[in-house]
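Single-letter residue listing:
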Amino acid sequence: MKLERELMRGAGPTAVLQLLSRREMYGYQLVEALDQRTQGVLAMGQSTLYPMLYNLEAKGLIEADWRQADSGRDRKYYRLTGKGKTKLESDLESWGRLAGALTTLGVLAPKAHAQAALA
Amino acid sequence: MSDQPTITRAWSWSVARSPILNTWRWIDNQVHRQARANAAISGADLPAPIAKRIGAITRKTRLWPSERADIARELIAHAQDALDAGRETDDILTSLGDPKTVAKLFRRSAKRKRHWVWRARQRTVQAFIATIALLIMLYAVLFIRFNTSSPTIERDVLAELNARNDRFTQDEKANTVYRELWVAWTPLQRELYILDDPPPEHFESNATDDPPPSAIGLFPRYAPDAPFHAELTQAMDEIAPLIELARCASELPTLGSYYSTSSETVETPNGTSYDQPIPPEPNLEKRADLIAVILPDLGMTRACTNLLVYDANRAAAASDPDRALDSLSAALGLARQISDESFLITSLVAIAIQGSAEDAALRMIHDQPDLFTEKHLAALAHRIAAAAPRTRRLDMGSERLFFDDILQRVYTDDGSHPTNPDGRITPDGYALLGRISSMYMGVSDTPTAATRLAGPMTTPLIAGRRETRDRAERAYASIETLIARGPEGYGQFFEDHYQRIMYNVEYTTGGRLRHPVLAALLPALGRSADSVFAAEARTNATLAAIAANIHRLRTGSWPADLASLTPELLPELPADRFEPGTPIKSLVRDGQLFIYYAGTDGDDDQARAVPEGENPQRARHFAGRFHAGSHIGPSDGDRTKLDADWILYPPAD
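Quick mapping for you: the protein sequence lines, in order, are chains S and G.
Those letters in the first sequence? Residues 1 to 119, by my numbering.
Those letters in the second sequence? Residues 1 to 653, by my numbering.
Bear in mind the hints are in silico, worked out from the structure with no lab data behind them.
Each residue gets a CB set at the ideal place from its N, CA and C atoms; glycine is no exception.
Errors might be hidden in some of the hints.
[Claimed, not checked] So the derived label-pair ranges between C-beta atoms look like this:
hint, chain 1, residue 1, chain 2, residue 2, range
1, G, Ile129, S, Asp35, 42 to 52 Å
2, G, Arg108, S, Asp35, 22 to 32 Å
3, S, Ser21, G, Arg87, 20 to 30 Å
4, S, Asp35, G, Ala140, 53 to 63 Å
[Claimed, not checked] Some chain S residues judged to face chain G by a derived CB distance under 10 Å, without partners named:
hint, residue
5, Val41
6, Gly45
7, Ala69
Excised from the complex, chain G in its bound form (with noise of 0.2 Å):
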């Protein structure tokens, strides 16, 4: 009860304070600020030197023109009383100080005498007045520490991604050769895909069906009912002498790719042309990054591989097996060739022509069992299983080097580590890792002005490069690890490792901002391992199911089961890693031997397939079987487990 007048009162003086008034005071202030002082001293009819002084005092206090009026109303009262006390005008001026001072002393007691709640609002705008000068303050610091850093770029990584294959002559590198067959094909291939576009009346004629694929469309499968079959079989001809030599080429020990980020566009007889990788321009700093760098080769394996792989289905429709094995063997060995140049792509590259190698030869000897000799199927298990340990592996060493690379061009270098030193975001770096996000399109070179006004403000909030390189490394050593692990390290281990390090980069505001150079560069990493579990899988039935030919060639029927061609045809029986602890699948049914694995859903369905119109791939994620996040694997409409088996053999057509 005894607060109720407080809070009243201050209440009232909160309601005379509004904002209205507030201003319509300031106003009334600027305007009349001394005038009702000035009226009390005119009117006191005081000596002039006196009536000057009190004047002074007043206007110098610069407080509230009622305060103003209060302080002379007193100070001439005082002087009245002093003169009629006899006091001399110079005693009292004396009395009266200097103005200035005693103006601050009126000003500081005055002030003191104000309610609590111009105080309180008083102590709140400066202290909002003190924040905001401090987080000047901090960003100029932020600003120009920001704006005068740079990275420091030292560490030739180009050299060291080239180093590998400037151990080998240009006689033991293959690129020349499957180039030399490339530049040759590109054209031919080129006129069969205009042979194969649909007529003009197609499109006008509102045709719901689509003509049957022709022999390009189905390449590399040999399909000699295909329209425009016999102009492929004489492309083919036509460049049957660079095939028999990329046969050879197969067998050298490096596809010798030259890496750079600068190259030139070479143009051919024949009308293709390609770009050249020439020597990178020198100086670091002036460098592209190596992101950047021209991968020369990559489209070429691929399309060598198709060549060579069609004419190993050529050679089998004309029952030639010798020729059929060799370019099944070349094609095995362009993949170990690309899986050697140890990029995450080339090594998801070598995976992909092994697989499309393996498919074929499962075909041919499903479809003709009596093509191949024992003899040759060994040759072939051989082959497949030589290059698989290399194609199958994923190597991240180049991928660390285009992370270090990107590294020293984003932050710069404390000097505190030779390898792994720390530092912090630059303009440079933000203005990389935007053309790094768009793709190199229609981003500045240079940092842009909004890079280098906001950038200081981020640059407490981005990790820096330490911590980006640890968390980087860790991302790549869970993934080798789960690798080495096998696929039921898409459970746990993936879940307390990569997810771990890399859910809240790929998945959160605040993780995309905080590490902006993983998010950039890192996302599929995740993916890639089941590429490789699904690879070995593919690997481990072609061989079970060329053992299992080789059994039926020598005895004219299947084996009983998988695990009596061990060990003489079979080194081991491979597991199936979708069902863990039991080995690959297989059964006999209508005559026809079935080789297969359990499928996303971990059991034995007796060789059940992918019911016709759902995905094959549902059937084939390590990742959807071992429940990895759902960011991994399968796609979520295809997440649900398939009541179905990954059946290697027979192929599908």
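Isolated chain S (complex conformation) (with noise of 0.2 Å):
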């Protein structure tokens, strides 16, 4: 199940933020950690993703640089600037509140709280 198109706005690049802060990463990780670890919620395709890449690139709140993998091919990898974080944790934080404020409204689950936050 996706995601409608401006809950997806909004959710992609914290989850993008949020996969990068734990490790640097190439767009093809992304997209299959997107898939995988949100059970397919938050998938997106190759066309979705650079574009977010580049909008978080521009805003400095990522920065990437091309690097020969093991296998030999170039890829470009992506990782998270201080700017990134201060926006991470921000982001998180109004997610939490969101969250919060679902689950007391009895839409979301307690369970399903601690899911969004991602944590």
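Two chains, two separate frames, one set of hints: put the complex together.
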């Protein structure tokens, strides 16, 4: 099941920043991680991911460089910047408050709340 | 300090994006736009559909070559990872999405990644283009609005102008008699001037001495010793019956001019021709503007005045006081008649005619003290006093009609008011103003292409119809009030009213641009009041001189002062308006009576005359006396106040 477009637009960047907060990743890794770790909820194709990465890069939240992988292929690795970390913390707090509010209203189950935080 | 790297990067980015490099980059982009991306795709050994799709996406982004290559490399790496992970080609194609949509997303996000200097420049260019587009749209609106506008000419101003004279019968109109005299005199005068021409030897001999003035050169003064006096006398005898008729005509109630913008040339049997006004074009739109109206009687009345004054001088020389008085009275009557035509120019001509008659009268009284009896002098004083109030006024009635006619031919009429509507300037209006400014020489009757193209841009700057009329009306009213207040009004009142209204119009480019109608039609208004004040002063002095001479005839001596003449011989003592609060001045020196005003320096110099070589006008300018603006009154060279008086009696040679 995929999210509505507007929800995805809000959740996608936070999800990507969260993934990159742990380690640097290249594009295919991000696509796979979003698909597998969210059971397809936040799955996105190349056509969505890469423009999003470009936007995050333009805002200075992530940075990237081309490197040669062990396989000998060139890959572009993305990682979080200091500004990106601050933004992620702020986003997580906002999402947490939102999830809490939705939980209070009974829209979300406590378990879903925990998942939404992607902690 | 923390900004230093950013500034350095911005500076280096700016250098890298310098115009020359940018030009080179633009050419390179045009030639190799897709080359780098294609090279990356072809070297990646991908399945053809995927390679084709990535190529399509990168091409449709229309980004810089380096950006396209970067996107291509990223999509290639992704596709290779997917293939390595066992994904099917179709899955990968699905993941890549629609090329057009994806390219758009890439394009938008890639542009966000570009340097802020580039984005600032883009915004500047966009703002510039938007501004230009806005200006073009604004111009288009103004162009249509301007070029579709036209004046609404509904008021038959010419009919209003002729209405006054339509009240009189033909027998009550004097102009036909004057014309007969003028037609008879013109060829005679021409022959006398031909006689007066210096012989060709005069020009060949490098003679420095001009020949003595001839009788026609001194005309209307009577000069029996001047060359060709006999010929002039003979010519005057030929037209004597017509002069007698003119004397009678001067008693008629009106000059009776007929005004029209159309005329026909009338050829008379003696070879004289003149323009005779004929009924104008009935279609108001096709009719010429009122500024082109023919003033047929203006030159004629000046000529007849000279003939009457000459006849008076001749009669005086022949010791015929009755005829001299009759001819002077006739000239005064003519001044009254032309004054009633109520144009500014006819008012000024009336003032000049009255002045000419008064000067002649003073000269006769002075040069021939026993010519006139007391009865003659009293009659002369009454004639002058009766004519003066009418000729001394400055009638603006016809001037206002002139102005309204020009307004209705220059501006549109928004119908907001029956007599003072608002409106905007039209192409036809510009053409008319061009013709007025160029005195109708070599300017097209219809709007030119330049007018149609440039006119729309000026319309927001040009004063509207109502503003123009209101300002003109204030200017007219300020001059009328100035005349009512007297010459002292040339000080602060003039500064606060007329100057404030008209100075910008006459002397600044912005004012002339904003008020083209006023700039073309009203500049001489400020000077005209000075003529009225001078005429009034001259008439008062003439009446005082006549009263003093009556006293001399009665007692054999000059009066002790002019005050002693009131009220029996002089109803009241005239004021010296050059020196407010004081009366006209007089003194007797060496048996000669002097009657004079303080002059432009405003103090009594005991009848000191203007020194020889100085312009006599310097002693008689009220505008200069009361510090009117620099553009009113005497020219700059004559503005310094002269330590002299304006002496009216005895008359200057």
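Each hint tested on the structure:
| no. | hint | in the structure |
| --- | --- | --- |
| 1 | Ile129(G) to Asp35(S): 42 to 52 Å | 44 Å, holds |
| 2 | Arg108(G) to Asp35(S): 22 to 32 Å | 24 Å, holds |
| 3 | Ser21(S) to Arg87(G): 20 to 30 Å | 27 Å, holds |
| 4 | Asp35(S) to Ala140(G): 53 to 63 Å | 56 Å, holds |
| 5 | Val41 | 17 Å, violated |
| 6 | Gly45 | 4 Å, holds |
| 7 | Ala69 | 9 Å, holds |
Violated hints amount to a single one, hint 5; each of the other numbered hints is respected by the structure.
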